[in-house]
Amino acid sequence: MFGSDQHRQHISGQFNHELETLKHDILAMGGLVESQLNTALESLIERNSEKAIRVIKRDAEVNNLEVKIDQECARILARRQPAASDLRLVLAIIKINMDLERVGDEAAKIARQAKVIIESNVSGTQFAQLRRMGRKIVDSLRAALDALARHDAGEALLVVQGDSSVDQEYARSMQTLVADMKAEPHNISTILNEIWALKALERIGDHASNIGEHIIYLVRGQDVRHMAPDAVDDRLAKPH
Amino acid sequence: MRSSGAQLGKSFGWRSDDAMMFLGAGAVVVCLSAVVWLVAILIKNAETEFWPEPVYQWVDSSGEETLVGQIVSKSDLGVLINQGWLDGESNKLARVPRSANLGRSAPAELVRVDHAALGKIYGVWLETPKQSFRLVLADKTVLQFQEGEVLRWYRPNALDRYESWRVFSENIESFLFRAPINSSTMGGVYPAIVGTVIMVMLMTVFVMPLGVLGAVYLHEYAAENRLTRFVRVGVYNLAGIPSIVYGVFGLGLFVYGLGGEIDQIWYRDSMPAPTFGEPGLLWAALTLALLTLPVVIVATEEGLARIPVSLREASYALGATRAETLFKLVLPLTLPAMMTGLILAIARAAGEVAPLMLVGVVEFAPELPVSTDFPYLHLDQKFMHLGYHIYDLGFQSVGIEATQSRVYASALLLFLIVLVLNAFAIWVRARFARRYKQSL
Amino acid sequence: MENVIEVNDFSLSFGTNDSVLKNVNLALKRHSVTGIIGASGSGKSSLLRSINRLVELHAHVRMTGDILFEGESIFGSRVDVTDLRQRIGMVFQKPNPFPMSIFENVAYGLRLAGERSMRVLQDRVEQALQRAALWDEVRDRLEAPAGILSGGQQQRLVIARAIAVEPEVLLLDEPASSLDPISTLRIEELIYELKSRYTIVVVTHNMQQAARVSDWAAFMHEGSIVEYDNTAALFTNPREARTEDYITGKFG
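Protein chains in written order, with numbering that gives the first Met the number 0: chain A, 0 to 239; chain B, 0 to 439; chain C, 0 to 251.
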């Protein structure tokens, strides 16, 4: 499951089992949230209100899973006093859990925007910006979850570094949509919905980048949050 | 619900726990009764030595033959009596046959006179004493006494309660504090008491340092190798050697060997009369010290071994040297064990007779080994010893029956002395044990 | 000088057996608490006892390398071992107060050093007991035998006994392992308070205790030091795999 676990098993089989369960749950959370995002984007692009409703309803499941994972983490901290990599694992999962839940929230928001757009029955726009952004963001999230599954700091770093290009894409898309708003004032409300959906996507990108940072901490023990990209490179290049 | 049959079986059967308890209690009862019996016999037989006994008179039907005396023992043949001094013989014994029809009485006017040279004399005053001391004996002879000859006299059959107690306490006092007179038929055992106590103390002075230092070396400094084990086994085995062997050894090594050397070096002038080259107090004390040495060594080593290593480590960790740890921590803690060793040594030494016969004890010593003239403690003198006194009285003297009660009295006294010495040592041990209470 | 104690390439063995300590290198900083952790038999206690030369009580002990105390070798020819042990105090795993009164226990080391004045002794004993956080509990019964105290109190008494002679370094060999949890916490708190005066080394098999109590942590395995680092760093992100495995409970 968590691939290259070169370390041996814990002497406490119970503890081992608890950690495995935790890892399994967070990946399940990741998978759930990923599918939420995909479905939300699909509902928008295919104008499928059924899918949108499904996403909105399923958000409750995401929230429940977040609570469950948090409780597991608290229990492990209280009972096992984890140290070193185990400690970093739990801390990282707590934070990743939070980020994933927010991603779920944002996916639900996208679905709501989709619903409104569909109901307003405006046709014409192909949501070009949303598609482009959406692809990028989906890739980003997927990459982050992959890195988590494989404890791959290198891949996580790529996700972190890729966030700047996502930001650029977002800026461009916003510009285009604002221009569209000026050009088609009768479509303002629809375009506004698009803009909110885009905003949601941008935030998901941020969260994916956060997840990347947490993964780097988990694997390498380096806290690279809030650092400039070059500084991050330098930091990771140093041998501990 | 168990079947009643099984329950019944359990209550009737012996549980080994109960059996052990009863056996153990039984053994303790046997031991205690043996001790109680011992003391009771001693007291009973010693009593006649001190408590004023009635003196009886037997007159035959014709009124001619009169026997006067104190009862020594009764048997099927008749009654054995001690007639006192009679017909030139002290402590003359006679048997009053059962067959002869002799009337027994205890006349009030019978007098017992304790004479300085002749011992006990029974008779009747011719006239009131003070004017003249004339006594008529059973065989009608008359004795005349001078002032200083009569130590005391009393009427043994006419004593009231108060006078009985007075005589009793006089007897005890003279037994404890007077020298023996008249080949130990009268007087006391004072020199023997002094001799015994002095010898035991002297022995203690020798055996304690030797034993403690030996144990300290064996336990603290000697490496654990074959030689040490050999030495230790040797020491333990010393305890099993018969005491008479020690006496012979002491005679050879100390008396003739060392004593002879000392005489050669320091007492040439008085040669050929030996000073230290003959049995004496010093050699007796040394011989007994050797005899009891293994006991002290073993007891002290046991005490040393009981001190946990952690305490010593703590002492070293505070910057103590080995010697400091020894003196400030280990030895004070071992004191109770050392006292135990001392108690055992004293008990053994006070009771030994056989070796002492060879190395310093005599039946009668004219002077005490301690006196007021230099060197105050006379190590070269022979001395008297209570245990030897018992042996001598009981088996060497002529009239065994006459001295029987005295033998028991001496035995009782020896028993009490050892008891007192032990009690003292136990008290010392308890005081130190309380001060250094183990906190394990 | 920054390093109070330096262990340089120190090896230790008893008789013809394998080495108990293999090329140990360690530097202890002044007024710090250093925790030494490791599995049983990893040599932690032996290392501690080498520093105050208590290992020399064993027969057939062989040592190579050096240990410096304030820059000077403790094995120097002019070094007086008993003096060294006064400057480097030790507290053992099981409380071992002498079977004497509380006062005499604390005064033992002072008397060894030659102090005779009762006045001075009383002052120093009180001071030591106060620093060991025991004074209030025993001030009215200094003459009582030490055995009446509870385990935790006895351990604090033993600490008072060790600090009465004003050492510079305190070596604590599993000081709380025989105590109940509350007494353990009191001892740990005491260690924290003593840090300002002494340099402290604590050997413990309880990892959480080492994590709580020490500033610097050394992990020992089979006679050598695997890793030595700032405690927080060692417990969140150890460098060596063996350290990681031990701390997370994968072996030992």
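Simulated from the structure, these hints should not be mistaken for laboratory data.
Where a beta carbon is used, it is the ideal one built from N, C-alpha and C, also for glycine.
It cannot be assumed that every hint is accurate.
[As the list claims (entries may be wrong)] The list that follows gives simulated cross-link-like pairs (lysine-lysine, BS3-like), each with its CA atoms no further than 25 Å apart:
no., chain 1, residue 1, chain 2, residue 2
1, C, 249, A, 22
2, B, 91, B, 43
3, A, 67, A, 56
4, C, 249, B, 327
5, A, 114, A, 22
6, B, 73, B, 43
[Said to hold, decoys possible] Which stretches of chain A does chain C cover? Using the computed rule of at least three CB atoms under 8 Å from a CB of chain C, they are:
no., stretch
7, 18 to 27
8, 59 to 66
9, 85 to 99
Quick rundown of the hints versus the structure:
no., hint, result
1, C:249 / A:22, "holds, 18 Å"
2, B:91 / B:43, "holds, 23 Å"
3, A:67 / A:56, "holds, 18 Å"
4, C:249 / B:327, "violated, 48 Å"
5, A:114 / A:22, "violated, 34 Å"
6, B:73 / B:43, "holds, 15 Å"
7, 18 to 27, "violated (count 0)"
8, 59 to 66, "violated (count 0)"
9, 85 to 99, "holds (count 3)"
The structure is inconsistent with the numbered hints 4, 5, 7 and 8, although it conforms to all the rest.
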